Amino acid sequence: MAAVSTATAARPSQATRSGGISDRGIAWLFITPTILLLLAINIFPLIWTVRMSLTNYKANMGWMKYRFVGIDNYVDILTDPDIWDAMQTTARFVFWSITLEVLLGFGLALLINRKFRGHSFWTTVILLPMMLSPAVVGNFWTFLFQPQSGLFNYVVSFFTGIDPASFQMIGDVKLAPWSIVLVDVWMWTPYVMLICLAGLRSIPDYIYEAAEVDRASAWRRFWSITLPMVMPFLMLAVLFRGIENFKMFDMVNLLTNGGPGSLTETVSITLKRAAFEKWQTGWSSALAIILFLTVFGAANIYIKVLNSVKRR
Amino acid sequence: MAHSVVAASPVSRLLSGAVVVLYSLVSIAPLAWIFLTGFKNSADAVAYPPRILSPPSIEGYCDLFTIQTSQDADYISHLPPSTGPCDSLAREHGRVIAGASKTPGRFFNSILIGFGSTFLSVFLGTLAAYAFSRFKVPAKDDLLFFILSTRFMPPIAVAIPIYLMYRQLGLIDTAVGMILLYTAVNVSLAVWLLKGFIDEIPREYEEAALVDGYTRLQAFVKTVLPQAATGIAATAVFCLIFAWNEYAFAVLLTSGTAQTMPPFIPFIIGEGGQDWPAVAAATSLFVVPILCFTILLRKQLLRGITFGAVRK
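Protein chains in written order, with our numbering: chain A, 336 to 647; chain B, 106 to 417.
No wet-lab data here; the hints were simulated from the structure. Be a bit skeptical, because a hint or two may be false.
Here are the computed lysine-lysine pairs in the BS3-like style, where the Cα-Cα straight-line distance is at most 27 Å [unchecked claim]:
#, chain 1, residue 1, chain 2, residue 2
1, A, K613, A, K400
2, B, K404, A, K639
3, B, K417, A, K639
4, A, K639, A, K393
5, B, K327, B, K207
6, B, K207, B, K417
7, B, K245, A, K450
8, A, K645, B, K404
9, A, K645, A, K450
10, B, K327, A, K639
11, B, K207, A, K639
12, A, K645, B, K245
13, B, K207, A, K645
14, B, K404, B, K417
15, B, K417, A, K645
16, B, K245, B, K327
17, B, K404, A, K450
Just so you know, these numbers come straight off a predicted model, no measurement behind them.
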């Protein structure tokens, strides 16, 4: 009885309700701040970048009068062999890191999906690297890659007999591109693994049971059931990692800083050097727009796949 | 009875387990190595062959938190008795402690900016997610797409106009500037993740509250918020980890008073290059909170990395 009376007392009067804001009003009240923040911190700067990309502005010499140069910066960039080099470096990095991550990640997911004892504990252990700061990871791998004292060189020499002082992962022209691939694979294989695992777990058992009745071989089951069913998930992982690696900055900046020379210079590193070291603001704004359009196109596809996976 | 395809055979399960455990151990080794290096002295840290176990030393942690200057033996021998283990250690190396280092301030910045931006993005994100989940919003899919697409902007591309904008507004190297920036980046994740969580809460609860005479706002605060608490907490941790780990904006937009740990750690230097025990000590202190959060979050990780689209 007491409970009932408190409930009645706590109940607000009908008048408050009709005096409250309409649902439509609340919807706008709740959404507007987020949209405004994104407009101020993302869209307004983007428009500014487009404007600057048409000028020869240099941000470290703000007092100098700049002039509009039309699409000169864009023409410059698209005909610059250095940019195409950076694009190729980026493409190779994206290709190899994603390929290895898919092979390793999918493989691990298949193994973990056999649900051996302790599989959830070991899954958590495997996931740890992907939660770290890419910058901090890049930094401490330079320590592991030290020519003589580094753990990586020591382990390689332990298994192959090569002198650990005879090769430099970061300094060597042949090895430096592989050093960034290696660190990326170390860090992001868990990402691909986790998403693949979700894909594997989404396959209902009865499909395999039906295949068993039809006496489909294990190989056949993999190609006609497992792979097609995991594919949308795999696409999700590949697209996301592809976009992230295409614009990769922090890990590479600290691991190799684009070196030796400009051998591991991904597009983001080129952009940083042009914008914040050479202060070619106009030119780098144009490059930023090109980079942005590429990423935006890929992100568009990613979000479509994301929504299709969500609806399943 | 032949084996079932769905449940793996004991042998294959054992083998899968062995491979996964082996991978886990190899992948965790670099991290373990950094933790160990934090407790080595500077000679042991770069010794060849690498020493797995060496007499534990707190030299790295002392170097990380103090500034030391070299003094001649005569000066040191006339000093009053040492005030602590770090002091004695410094004197053994012919140095004296000249004061506290910048490390605590950088940690403080990371915490302040991390928590500040997390609070703001979760606050804005919860409101927007609720509106998107419950109300008819015109062009809802386009707005949601717009919100998520901002997450894909390459940080270096955004940093150019943000740098100019912040220079105008006096926000360069300020905690407020960084908090706003990280909020803008995180709010997209917060909206998408929280929308997923709020979608899962049955509408009947609010409808019952509305029938009881509550206003929409009261129903939101009294029925939806408590039910979404787990989701809000998980979202907050994801935002916090992002802000904690972020490097590109931090290195370009802060230099002193508002600098966070990621751009600071690579510049912890001793005599002749990086002071590896101190860098390892800083890295250890920096990553331990993330590792703890990852273990707490392991069940929500999949949701977090797919913006709420994949749940299990």
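Here is how each hint holds up against the structure:
1. K613/A <-> K400/A: Status holds; Cα separation ~18 Å.
2. K404/B <-> K639/A: Roughly 25 Å between the alpha carbons, so the hint for K404/B and K639/A holds.
3. K417/B <-> K639/A: Distance ~20 Å between K417/B and K639/A Cα, so the pair holds.
4. K639/A <-> K393/A: Measuring from Cα to Cα gives roughly 38 Å; hence the hint is violated.
5. K327/B <-> K207/B: 44 Å, violated
6. K207/B <-> K417/B: Violated, because 43 Å separates the two Cα atoms, which is more than 27 Å.
7. K245/B <-> K450/A: 41 Å, violated
8. K645/A <-> K404/B: 18 Å, holds
9. K645/A <-> K450/A: Distance ~25 Å between K645/A and K450/A Cα, so the pair holds.
10. K327/B <-> K639/A: Violated - the C-alpha atoms of K639/A and K327/B are around 35 Å apart, more than 27 Å.
11. K207/B <-> K639/A: 46 Å, violated
12. K645/A <-> K245/B: 16 Å, holds
13. K207/B <-> K645/A: 46 Å, violated
14. K404/B <-> K417/B: Holds - the C-alpha atoms of K417/B and K404/B are around 9 Å apart, at most 27 Å.
15. K417/B <-> K645/A: With Cα atoms ~11 Å apart, K417/B and K645/A stay inside 27 Å; holds.
16. K245/B <-> K327/B: 25 Å, holds
17. K404/B <-> K450/A: 16 Å, holds
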